[in-house]
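Visitor: Numbering-wise, the sequence shown is residues 396 to 654 according to the working numbering.
Keep in mind that the hints were calculated from the coordinates and are not lab data. Where hints are given, some of them may not hold.
Unchecked claim - Computed cross-link-like contacts, DSSO-like style, restricted to lysine-lysine with a CA-CA straight-line distance of at most 27 Å: (1) K491 to K502; (2) K466 to K491; (3) K528 to K426; (4) K445 to K494; (5) K429 to K447; (6) K445 to K429.
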Amino acid sequence: MKEMEAPTRLISSSQGIQSLEIAFSILKCFKEAKAPLSVSELSKRMDMPKNKIHKYLVSFTRVGALIQNKKDSSYAMGPSLIELGLVALQQFDVAKIAKPHIREFSKQINHSVALAIWSEEGPIIAEYERSDKPIQVEIQAGYRFPLLMTALGKCFAAFLPFSQVQPLIQREIDNYQLDEQMVKQELQTIREERVSFRNTLFGGIPGSMSVASPIFDYTGNMVAALCLIGFTGEIDTSPSSIDVLKLKEKANQITNQLT
Numbered sequence: 396m397k398e399m400e401a402p403t404r405l406i407s408s409s410q411g412i413q414s415l416e417i418a419f420s421i422l423k424c425f426k427e428a429k430a431p432l433s434v435s436e437l438s439k440r441m442d443m444p445k446n447k448i449h450k451y452l453v454s455f456t457r458v459g460a461l462i463q464n465k466k467d468s469s470y471a472m473g474p475s476l477i478e479l480g481l482v483a484l485q486q487f488d489v490a491k492i493a494k495p496h497i498r499e500f501s502k503q504i505n506h507s508v509a510l511a512i513w514s515e516e517g518p519i520i521a522e523y524e525r526s527d528k529p530i531q532v533e534i535q536a537g538y539r540f541p542l543l544m545t546a547l548g549k550c551f552a553a554f555l556p557f558s559q560v561q562p563l564i565q566r567e568i569d570n571y572q573l574d575e576q577m578v579k580q581e582l583q584t585i586r587e588e589r590v591s592f593r594n595t596l597f598g599g600i601p602g603s604m605s606v607a608s609p610i611f612d613y614t615g616n617m618v619a620a621l622c623l624i625g626f627t628g629e630i631d632t633s634p635s636s637i638d639v640l641k642l643k644e645k646a647n648q649i650t651n652q653l654t
């Protein structure tokens, strides 16, 4: 019975386990250094005696969290940390993280707000928060839309790797009889301004328009786009307008949470 009570006390204690916190601080040294470290270097970074550091390193190597270079005795991050990192990334759902931001943003500016992510078949709506206005554009989660005829689509076309979007871009240039040079110029402007617009009629409800801004992950790759959706005259689409600046600011906030 006594053997069962000890771990319960550890878990419920608000003081935590100091040795575990020290161990994590040692691992963070490798993150900050972005290179292998010797016992001496770790001792200086941690302000800890070498013999004490060495005990932690022995345990880390046993569980695969660190590996040791036999030539110079330096240590580097090991396979166990990589596996844990991959699992953490799989649980890092951009839609889940962005959802509270979308709700708050929609209430703040009283416009409908959408979040789109990339799928194998192109951009798709992952989250949609409606405004309180009596008449609004209705979009359902799961809706797929073109690249070059929507603000959200243009965002992905501008920021995703060219090899990934080029086939879809070329298909839409042909289908909608678009000027290829004008498309290239618009996508370059979107990259520079980090915002895309659609205020021309394309399907849906006449007079509807949208503005979108990209969201990036910790690697610098675009993973989603945030979009204001409404009717012509409701949203100021000039690059320096409050609506556009707030959209870009909110997209940056979500990006910062992902990095």
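Visitor: If a hint holds in the structure, say so; if it does not, say that too.
Guide: These are the hints, each one checked on the structure:
Taken as a hint, the K491 and K502 pair is honoured in the structure, with Cα atoms around 18 Å apart against an allowance of 27 Å. Distance restraint check for K466 and K491: the Cα-Cα separation of roughly 45 Å exceeds the 27 Å cut-off, and the hinted pair is therefore not satisfied. The straight-line distance between the Cα atoms of K528 and K426 is roughly 48 Å, outside the 27 Å bound, and the hint therefore fails. Between K445 and K494 the alpha-carbon distance is near 47 Å, which puts this suggested pair outside the 27 Å criterion.
With a C-alpha separation of about 22 Å, the suggested pair K429 and K447 falls inside the 27 Å cut-off, and the hint holds. For the suggested pair K445 and K429, the alpha carbons sit about 21 Å apart, so the restraint of at most 27 Å is met.
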